[in-house]
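Peer 1: From just these sequences and the hints, can you work out the full model?
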Amino acid sequence: MGKTRYGIVLFVLLLLPPIRLGMESIMIVHMLIQLPLLILAGWLTGDVVVRKFYDVWDRWNGNGIPGIILVFFITLFWMFPRTLDEALTYNSMEFLKFISLPFVGLLLRGSWEKLHTLGKTFIYLNYLSMFGLFAWLYIDSPIQICNNYLETQQKVLGWGMLFITVLMILSIIHYVFTDHSKENVT
Amino acid sequence: MRKNWRNKVAILLSVFAGLLLLYIGTDGFRAFTAESARTYQLMKEKPVFPEVTLEDSNNRIYPFSDFEGKYVMLTFIYTACADVCPKLGMNLAEVYEQVPSEFIGENIVFLSISFDPKRDDPATLDKYRTYFGSDGETWRMARIPDQTELDRLLEEFGVIVIPDDYGNFTHNSAFYLVDKNGVLQEVMDYTKIDKAADTVISMVEEEAGD
Amino acid sequence: MVQTVAWIVSLIFMMVIAGVFAFVFLRSKERRDYEPIKKKWYKARNFYAVTLIIIMLVATIYTLRELPYDQPVYGEGLEPTIVDVESVQFGWKMSETEFKVGEPIEFRVTATDVTHGFGIYDEDMMLLAQTQAMPEYTNEVYITFTEPGTYEILCLEYCGLGHHLMTETIEVTE
Amino acid sequence: MNSMVRKEERKANKHVASYLVIGGIVIGLMMIFGILMLLQQGGVFDVGPALFYQFLTIHGTGMVGAAALAAAAIMYYFLRQYVDLTPEIFVTNLWLFLVGVVMVIIGVFSFEYASAWTFLYPLPALSAGAWGTLGAILYLGGMLVLGTGFVLFYIDAGRAIIKKYGSLGKGLGWDILSGKRPVDKAPPKAVIASTMVIIVNTTALIAGTVVIIMNMIHVVNPAFTFDPLLAKNLTYAFGHIFANAIIYMGVIAVYEILPRYAKRKWGVSKAFLVAWNMSTFFTLLIYTHHLLMDPSMPKWALIMAQILSYSNGLPVLVITAYGALMLVYKSGIKWDLASGLAFLSMLGWTLGVVPAIVDATIVVNHVMHNTKWVPGHFHMYMGLGAVVMLFAFMYFLAKEDSGIKENWLDKFGLTCYTISFLGISGSFLVSGAISTPRRWATHIPDWMGPAVFGGVSGVLALLASTIFIFHFTRYMALRNKMGSESYEKKLA
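Protein chains in written order, with full-length UniProt numbering: chain U, 1 to 186; chain Z, 1 to 210; chain E, 1 to 174; chain C, 1 to 492.
Just so you know, not all the hints are guaranteed correct.
Claimed, not checked - 27 Å max Cα-Cα, derived BS3-like pairs, lysine-lysine: (1) E:Lys93 <-> Z:Lys192; (2) Z:Lys8 <-> U:Lys114; (3) Z:Lys8 <-> C:Lys11; (4) E:Lys39 <-> C:Lys189; (5) C:Lys163 <-> C:Lys7; (6) E:Lys29 <-> C:Lys265; (7) C:Lys7 <-> C:Lys399; (8) C:Lys263 <-> E:Lys29.
Keep in mind that the hints were calculated from the coordinates and are not lab data. Just so you know, these numbers come straight off a predicted model, no measurement behind them.
Peer 2: Have a look at this one:
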């Protein structure tokens, strides 16, 4: 139950106007901290929901694939420069953000563990190339692609994403080259 | 196999829902940035240029409706701008060059509007216009002294201007073409000079041919 | 000429390889014990590997001494002619197309649309030098013509349906 | 229990055979386009540049795709004898391949998309009016679908290897190289080669995904621009590695076929492990030799490209080809199509290394890059190497699985194929030596001779390939006719 409480507290904290506006004023914090924290909030509260509706969940999301597909699309959606921009301009988009991302966390909670290694790796590699691509887009774009943020902020975000890409590459290299033979002894 | 039909349905549904989200969120995969979405929206709405009073580099004061009966090629700038605006001005100058001279001033007027009325007084604008070879008559540079009028125009034409702490502005840039009745006809990519010129010329020619 | 040397060297090495394969093939019908063969030929392999590495090292050092990327050292008071080359689908825009024999020339090559390849051909249609013509980048080619004549510029990177039509001539006089 | 295993094996063989038949037929079809292109260049007839460049695009894409598909079948066939692969993924890959191929074909022929298989940014978006958005999206989307299938296949193989051996490092024998384990505990050759291919191709496919999606974004919305040099790097990292990996998958067949025929053991030695680790490392890095004519690249990267490309010749020249020769020498080997083709493929690969290394020399590249010398070298190690490995495996599988007999026609095919492919690659190399530019729809008269010669040789190569594929489809028909029961009896 502790986790759920943390999740709700986190969500409320993120909602508080000074924190919310403060985070949104810097592009990289907006995308790479606020959005993931919203997902985290959903993930923390997800336990209860998944347990409560276990039957439905199991029936419709037995292998985790439907859930992870939704996760993929929603997160992709929030990586577009436009959505980030519009979250600041339109209240409806802001609202959608605070609903959809905790939902992503919840879906993640109920899907990730169910996926086979293959599915996990595939999703992981997908995000790897997505971060790489968006990093390139944000760094290289000669024009300002967000109306609410300066071009330099855009570049900072791009480098942030590149950093994540590099971390992801390093961690997968670490994973495939370290020994896992003991884990298989069951 | 029978057991997990729901799962299969759910996969299809989630793919569908995901694509739908992306489709709606990008206006049918057309607009991935707020800027392109804005352009797309503007072209659909075709707003009318609101009534504002301009003060140009020659110290003349007149309402926008003075341009009635002519096409107006517009851009929004501020003179202290160091990055986009000079480029915007240079590109507009190239479009100006490409438009056949018999139309200039007769069927079409070029206009750069400053959204920084405090600093961009007529004297400043008069100096600024010389950088781009603007004659101040067929290509005018003007400010809108009244802040509420200015804000309304920016709002209507979807121009976003954010001041920063150093007296600079972050803003979006494009060419705007307004027709004889003050209705916005085209929002064009300011980096595609030839394309913009072609659009302008064909519109004006069509008009002149009538 | 580089092409001829490359062709002959390749031909020699390929013939040696083909010869070895043919030799082994002809000896394959005989049946001998594997162990002595292994012993003998493993030893030979060490010698072979060392020889191969030495050949490669020599070739590497020899061929890397002078690279086409480096600006040549010009003689006293000799200023290179700088030629701006801009490629577009499907043609070449050059700031100059007439040159003198012995005049050092630097082509600064770029493109405005897609990637092209800037290749200079002599009168016998042999390729003398080339570089990629890319949007956003400028690549340089350094050349000093030694023979008068009509030279041709050919596109060497696939750039669309008019790729083979992208030619231009330059004149070199005494 | 035994019959269960056998049944599963039969099913796996069926899938492998489907891969090979589809791969083989596509390769045959692509040869037709190749011949048409050479004859067009030779001035024999004139199909016009638009169609020529469509042929060019489909020929490159189709050849690499089909050969990679069939080579993946080889990898699957041998790797599954050691680790637990997922058959569903193997089948999924085939389906995704077919979907991708259909998309590519529609894009190229219905929407006249012709960016060559290298789709060098920003060409897909800027065609000078030759093709539209839809064609480009279909082609690039098809590539993406194709790539997804392969990614799934490699992830599954990687997962299986990690499960059995602990890590990809161990799959490459790192614990043996570091002396922690004796060399006789080394993983089998099929596992080592597969591990190498998994590492390099996953990398290649990720690079490919990024550059393909980036091209798609640019096609849909040209306002988004990207750095063309970075795009070029990613494109060649993808293309070079993916095409090269075909031969590293195919060679598994040689490793398995030759020892059986020579009745000698081709063991894993430390040198062998070193060679494959070198190949892994070099294959990942040497794609930059495609950028030797881009002085905008850092100079050290280009010099490294030459040095590493030279070094990349060592593993095959010193270990693999040499090992094959030792194995065959005075072994009393029984020559038939499978062993003959396997031997020929080693010759083709080794021969191809020579012009490749020559071209990777910066001073030579300066006057031979993007001439027909380049297709010359890769037609040698692809056509006379990789594809021959595929054919060798077809004959091997047909014999293993059904005992179908070979006849004089097949032997004729072997001779015909060898001579014709030496003709094709030779004519390309000659064209390169006389500076014939690559990818030109028309040739000046001086360049036409070798092109016609290559085209005619191509017809012979097509004839030989048809014989090979015909043999294999005969086997397919035969094994379909035999019910599983009669097959059981035959084996019993």
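Peer 1: Next step is simple, just say for each hint if it's right about the structure.
Peer 2: Against the structure, the hints:
1. For the given pair, Lys93 of chain E sits about 21 Å from Lys192 of chain Z by alpha-carbon distance, which is consistent with the 27 Å threshold.
2. With a C-alpha separation of about 15 Å, the suggested pair Lys8 of chain Z and Lys114 of chain U falls inside the 27 Å cut-off, and the hint holds.
3. At roughly 25 Å between alpha-carbon atoms, Lys8 of chain Z and Lys11 of chain C fall within 27 Å of each other, so this suggested pair holds.
4. Taken as a hint, the Lys39 of chain E and Lys189 of chain C pair is honoured in the structure, with Cα atoms around 21 Å apart against an allowance of 27 Å.
5. The straight-line distance between the Cα atoms of Lys163 of chain C and Lys7 of chain C is roughly 24 Å, inside the 27 Å bound, and the hint therefore holds.
6. Proximity of Lys29 of chain E to Lys265 of chain C is assessed by CA-CA distance (about 17 Å); at most 27 Å being required, the pair is judged to hold.
7. Straight-line distance between C-alpha atoms of Lys7 of chain C and Lys399 of chain C comes to about 18 Å, which keeps the hinted pair within the 27 Å bound.
8. Under the criterion of a C-alpha separation no larger than 27 Å, the hint pairing Lys263 of chain C with Lys29 of chain E is consistent with the structure, at around 13 Å.
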